[in-house]
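A.B. asks: In case you want the letters, here they are:
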Amino acid sequence: MLDGLFVVQMLGPIRALVCLGPPKSAEWGIRIMPYYQEDDLNRFGEIGNHRPDLFEKFMAWYQACQEDGALSRREKALIGLAVAHALQCPYCIDSYSQACLESGSNMDQMTEAIHMASAIRGGAALIHGVQAHNSVNKVSM
Amino acid sequence: MSTSLPVLDVRSSSRSEFGFQARLAAHGMELRADGIQTLQVNVGKLCNQACKHCHVDAGPSRTEIMTRETAEQVIQAVKKFRIATVDITGGAPELNPSFRYLIAEARGVGAHVMVRHNLTVMFEPGQHDLPEFFRDHQLEVVSSLPYFQEQQTDAQRGRGVFEKSIEALRRLNAVGYGVDNSGLVLNLVYNPVGAYLPPAQGSLEADFKRELGTRHGVFFNSLYTITNMPINRFLDFLRRSGNEERYMKRLVDAFNPLAVDGLMCRSLVSVDWRGRLYDCDFNQMVDLGIACGLPQTIAGFDPEKLANRHIRTAQHCFGCTAGAGSSCGGAVVPS
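Protein chains in written order, with our numbering: chain L, 1 to 141; chain G, 1001 to 1335.
Hints in this document: simulated from the structure, not taken from any laboratory.
Be careful, since some hints might not be right.
Claimed, not checked - Listed below are the simulated DSSO-like cross-link pairs for lysine-lysine, each with C-alpha atoms no more than 27 Å apart in a straight line: (1) L:K76 to G:K1052; (2) L:K76 to G:K1249; (3) G:K1209 to G:K1052; (4) L:K57 to G:K1052.
Unchecked claim - Using C-beta positions, here's what the derived DEER-type ranges look like: (5) L:L71 to G:R1274: 49 to 55 Å; (6) G:G1019 to L:D40: 46 to 52 Å; (7) L:N49 to G:E1167: 25 to 31 Å; (8) L:D40 to G:G1300: 52 to 58 Å; (9) L:Q88 to G:R1032: 48 to 54 Å; (10) L:E112 to G:G1202: 19 to 25 Å; (11) L:A64 to G:G1183: 41 to 47 Å.
Said to hold, decoys possible - Some but not every residue of chain L turned toward chain G, in silico, with C-beta under 10 Å: (12) E38; (13) R51; (14) D108.
Note that the coordinates shown come from a computational prediction; the quantities given were computed from them, not determined experimentally.
The beta-carbon is built from N, C-alpha and C at its ideal position, and this holds for glycine as well.
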């Protein structure tokens, strides 16, 4: 029987704490406690409360990466959106969805970027099938 | 050093920081007019559309429109003070019975006249000759088209608006608007279809030209990107969708002091359907009139007294200073 507190892991990052209490009548009482909170993104600067020198170096580098260069801001935002999905980071998905809109991408373009991330993740899993084949071949007659 | 992610600045912005005057003062700035180049005339709230982002709250059921008597006072001011540019807006200004009178009289004294034309009004009864009327009076046409795709346009402006808008653009092109060397200027206006800032004006203009040209065979001169103002119908949307706090924070965090110099309120006076004066069309919609002690109505219009006036501001002013800035002529800081 399920009881107490446990963590549900959904496709990678930890998304929520699910508390399952004892059954109430015929149903289970379930309440979802959000683990990632939207407002926490605004608190990112608090990371710099300790070792601010490292945080400042990170932010300078991070900001420099966003600027127009050999790639445009729009292209970089689409890359960011794709990587955010590959990492399944809710903060980054929020940020880069808006960055894509504000740099002029539309939903068709953003969806293609997400498919690219997903296809590469899928391909990366599938290519490991060769590893499985090798493994099986090694022990097979 | 800024500590902002692409979208949200990590520095906390509480509501107490939403004071526009305080933000100007922090940069050692004060907002004052610098002459009067343009008289922007809002002839009323009547419109054939009811767009979701409309800061005027305009629509087909609105009855507040400028009377002929007030229109005549506007023309008297244009003539007496030789106003260089008259910018006529609404609602759909064409639906005001005094619209063609205003145009003819203002052009008659040589004023440059711009009309904020929503495109679809061309298909309303009695409006089919608008392209020829605009051409004959050599008007500059400024038309809203939030995106080059149907889904986004119709989401903001109503079902079927995109298709009608494309047909209207074809008709404007047919009389020479947007065509090279015709001298007939057709500019488009982009507003974000949601709670985010506009993209860079230059790159979006290139997208619009490519997509509208290749997919629909229509042409225009320039694209103006305009930020959605957190007032009236767009504010209602922000509140209903739970985006108000986040959007205001976005505007405040994106405050750009370089945008202040080019704000439209520094070079125009706005007049409403009743003849009252304002620093801009947005102040008009929140009933924030010209500063006390100055002329308050078009009947008392006096450029000398208004030319260096202190401009009244409110929270929505952050919409005009965010990012590349926003004005009736689009971004104010080159991208």
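A.B. asks: For this structure, which hints from the list above don't hold up?
C.D. replies: 1, 4, 6, 7, 13
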